[in-house]
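In order, the protein sequence lines correspond to chains A and B.
Per my numbering, the very first residue in the first sequence carries number 3; after that it's consecutive.
Per my numbering, the very first residue in the second sequence carries number 45; after that it's consecutive.
Derived by calculation from the structure, the hints in this document are not laboratory data.
What you are looking at is a predicted structure, and each value in this text was computed from that prediction instead of being measured.
Glycine is no exception: its CB is placed at the ideal position from the N, C-alpha and C atoms.
Since no wrong hints were added, every one of them can be taken at face value.
Part of the chain A face toward chain B, derived, beta carbon under 10 Å:
#1 F83
#2 R91
#3 P126
A few chain A positions that, by computed beta-carbon distances, are all more than 12 Å from chain B:
#4 S6
#5 E13
#6 V144
#7 P157
#8 R160
#9 P209
#10 R260
Cβ-Cβ distance ranges computed for the label pairs, FRET-style:
#11 G216(B) <-> K136(A): 21 to 27 Å
#12 T293(A) <-> E125(B): 19 to 25 Å
#13 F69(B) <-> D212(A): 27 to 33 Å
#14 T123(B) <-> I215(A): 14 to 20 Å
#15 S129(B) <-> V153(A): 23 to 29 Å
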Amino acid sequence: MSTSKVTTPEEAVAGIPDGAVVALGGVHSHNSPMALVNALIRRGVRDLELIPTPSAGAPVDMLIAAGCVRRLHVSYVGLEFLGLAPNFRRAAENQSIEIVEGDEAYIVYGFRAGASRLPFLPLPPLYEGTDLPKVNPRIKTVVDPYTGRTVTTVPALRADYGLFHAQVTDRRGNTQIFGQRRFEDVMAKACDHVIISSDEILDEYAPAPDPRIVSIPGAIVETVAHAPYGAYPLSSPGHYGYDRDRLVEYRDLAAQDRTKEYLETHVHSVADHREHLEKVGVTRLLGLQQTFR
Amino acid sequence: MADASYSWAEMMAVSIAHEMADGDFGSVGAASHIPAAGLRLAQLTHAPNLSFFCGGSGATNPRIRRLTESSADYRNLVTSEYQFSLDDVVDFETAIRFDFAFLGGMQIDKHGNLNMVAIGPWEKPKVRGPGTIGLIFLGGFKTSYIYTEHHSPRIFVDKVDFVSGAGWLDGGDSRSKVFRPESDGPRRVFTPLGVFDFEPESRRMRLIKVHPWSSVESIQAATGFELLVADDVATVDPPSEEELRLLRTEVDTDGVLRRYPATA
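Chain B with its partners taken away, still in its complex shape:
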């Protein structure tokens, strides 16, 4: 169902905003427009006490009314309330102080493990990725949100070729045997097609929300492993007029998200 009055990126930002809790304190990485917009929108609606910082710059709660293509953009920094140093960042990441982080991968598997290093064998990769950077801290965040702008069987694989970031590992209780109890695995996955959680027993990725242009069947077809589907899976409402107004006048005045296609 195409609706030209908003783009899939705006829908995804709204879906992210809806899942954010007031009072949480977390981080988004570099090149992460959509999560950054979702977090700003949450701050402007139900979560005024949500705090986040932008990886790359360390800018905390930037008030810039546009989405910069680089999170390390100086304009992000000078509109923020505090500049995290990289020392601060790794301290908080290691000490389990961040409630959440947004993370991605060039491969994501059914248990939310992430790969940013290599497709194929590490010694002789078919595709060399940019590297693990902060994904190691999946073992140091209270929880994490996975997001990707591309939902395809190439991204969503049964098992990642290289574990850069440890999600729920092999599922079940395998994660809790390795990491500190305060650090949980990924809580949600956001894609252009919908929203997912991890079923609490098996810790397998489970479809919980479908974006308006998508369906359970088409999402399964775009995923390289068998998805679980929640009993109460539902198609989400399109963004409200107020949400679109806030996104376009307070968060993204340049219309970066608006320029994405209407459907994914």
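If we strip away everything but chain A, and leave its shape as in the complex, we get:
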């Protein structure tokens, strides 16, 4: 039998050093690897260079509040229907983190280039006329050797570690993500080490899943963290919805610059993900369940 890649969320991120470049999955209030993020915060990791998906939210805001982030590549960091991300906003206004001013094209084309180890990608006129190239020196121009025209380029993005949440993963790391947009597969190809947190681990005697629903192949997955409710308080598509009340509680505390209290309750006062779930409680967790199968 092949070696199992399954471990705990805490073990899964134990080797991520200060200063690492980390790619982070999830879209808005959905499908971010919160158990892994909490474990990083609990460890007190420092100086991360963070490259989240183009629609990032609470986990990025929490990592900033916890002092884990040195440099952030921004497309969107906000709380969607709950407004601005307070800690990101404060950090930008106080210049306490370095911001690489990007957008959806910068992140998506950057990871596409990184996945193939292309040096950069040239784009048709999009950035021209905007202020992004003025504040992001990584957006450059080059002469197109085929037409002689000057075109704008975005750099390849690669990360040391990629952290993603999935609904079901097998022991070999074959990963099923039921949710949105299916960009994690491209990001994963641009990461040296891929760590998946997964609500469920497929039993070794279970029938093999239809390969068409496997989103990331086990061949490029290094570690699988078994994390039931591992996206909480965000949603895990098809398994559970987001905990709206908890997200509002986070937003309100963060807006009052009291994020420390939230992190104390939900991260620092518990030893690990299991203890966190015990603290949240069965009633609350089961109330979020959503089944679509």
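Use these hints to put chain B onto chain A, whose structure you have.
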């Protein structure tokens, strides 16, 4: 003129629906209930061949009969006919395949340029916004619709502090010197107070329709630059009974839009 039988958000969704063309193919962003409702209403009335996808989830033509507060809600996705991957989305955005997109900003200027990055200087912003996300693709949509739920001089400014999304740039023919000819600037602006276009010569924002509780004067007072006003500017009719029935029974069964105030 207050009319408690419908809300301003329902009126705005109807105004959006009226401007949509049958057969068009476009996108709405995250946290965009009102445009999403307008597009669904258009599909159920004059534009059955209109197609749209929801940013955030990539859900194409969701048939869900309620408005989800997050466009990336899984229920949006499982009721759709196709799931766009983010790769699809940027391909279509870059290749000028989308007929339209709905976009907003924390600042919107008289030429429809949008800012989602910073109020004040970028290096030391007074207010840091969430970021540019898809606004860069104003250079890759055939046209775009700007919408905002807040019509105030703080939003509608003479010149944005930071250009995240390029509208008609400095007006006149300045846009066509920069972008591909297939990609036009914004076509309409929808706000709680009315509907606007961009005058074809100057490409300045121009009032064309006034919502029932508003007036040319009050809209000008809520705008931080001098508005152009179309010769045939008119107050729009309130939503029809059939439009309200469709909105409340087919599009928004939870009454999300209904809970907005009657007037803005």
